[in-house]
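Q: If you want the building blocks of each chain, they are given just below.
There are 2 protein chains.
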Amino acid sequence: MDIAILIYDGFTALDAVGPYEVLSCLPKAKVHFVAKEAGLKRTHTKALSLSADYKLADLPNPDIVVIPGGTKGTMVATKDETILDWIKKAHMSSKWTTSVCTGSLILGATGILQGLKATTHWYAKDYLSQFGAEYTNDRVVQQGKIITAAGVSAGIDMALYLAGEIAGKEMAQVIQLLIEYDPTPPFDSGSLVKADKSIIELAQDAAKSEFE
Amino acid sequence: MDIAILIYDGFTALDAVGPYEVLSCLPKAKVHFVAKEAGLKRTHTKALSLSADYKLADLPNPDIVVIPGGTKGTMVATKDETILDWIKKAHMSSKWTTSVCTGSLILGATGILQGLKATTHWYAKDYLSQFGAEYTNDRVVQQGKIITAAGVSAGIDMALYLAGEIAGKEMAQVIQLLIEYDPTPPFDSGSLVKADKSIIELAQDAAKSEFE
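Going down the list, the protein sequences come from chains A and B. Counting in my numbering, the first sequence runs from 1 upward without gaps. Counting in my numbering, the second sequence runs from 1 upward without gaps.
Derived from the structure by calculation, the hints contain no laboratory data. Bear in mind that the values here come from a model prediction, so they are computed numbers and not experimental data. Be aware that a few hints might be false.
Stated by the list, open to error - Which bits of chain B does chain A cover? Going by a derived footprint, with three or more residues having C-beta under 8 Å, they are:
(1) 14-27
(2) 55-61
(3) 67-80
(4) 199-206
Claimed, not checked - Selected chain B positions facing chain A (Cβ under 8 Å, derived; list incomplete):
(5) GLU170
(6) ALA172
(7) VAL174
All C-beta atoms, glycine included, are put in the ideal place defined by N, C-alpha and C.
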């Protein structure tokens, strides 16, 4: 089972590494980090690089496609024809096509979210409609074989759900225990619904400075 | 504020990337991925490499030390005198010294957990006592300026707690919203207390094959 995780300069590391950590535990999983050109890709913070061991052309027919988001670099990727063509073709034969965070904007730019419900990082929700998708305020949104996840950390929940669909709930629970995913956040401000207004305003300012 | 995240061949990516994603949002944070020698370090799955931009000697006095865990490579690191010496010296002047998952075994090997409570990945809990530490079944365990976190994903919770200690609860909540950390796992088997016996047995077998 070939899993292709797309990376590019400006992606957010946890968007990619959350699903990677879960999906790499699946039986027969072969995880490949792919990019337009193989080599190091810098994350949006610029403090970290991950290696794409493969170029897109090396993995034309992955079983699972994972598109992480990011900030400015993601917007660049939404206009990169090489990336968009690869996603469009990979999606034709994939079993699952997925995104995390603003990765759904890249998916959207290929046209495959047209008329579908989808999610993204809360800050970017208004961007989805320009790709014909309907923003849905769920953490994980499935439309057939397409699954989009909300911001950054939501990729872990998405991947566990996907693991259950692929290998059964027992295996997904084994993976959850292996990564000791018993989340106990010390605060309860992880969504627009739960955070205080003052927190939302500060987060919006911070996101805007990263994103625009 | 210099944050040093140690990586080494065989580390687990999410152990490092969870805290990185949180701590890099802190005001004035300068996150550095460090290793014995700078360059690419392969994760325990062998499917991914992260780049250590700095060698240990470049960051002798970080404000925050983060030690991620892993599987076999972690046990190798517990015997690497260069790594242990760096941690011991960094700990003398650090504001916070932290570990995620089996990273606490590396901390333990330096002697600094002697007589303290600590946590680690559930599979490795019996290893802690050989370093004079007392395993504690909490997700995040603080002893003065030392904080240890449970397996893999627990580093996110640990880092949010730490963010609150460093920059205040408001900032920690802003970061939680920025990474949309409103965890909604589709199953509830993320700890030994919550998982079914059959799931625990399967996970133990899988962990054993990775770890030994």
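Q: Any hints this thing doesn't respect? Which numbers, in order?
A: 2, 3
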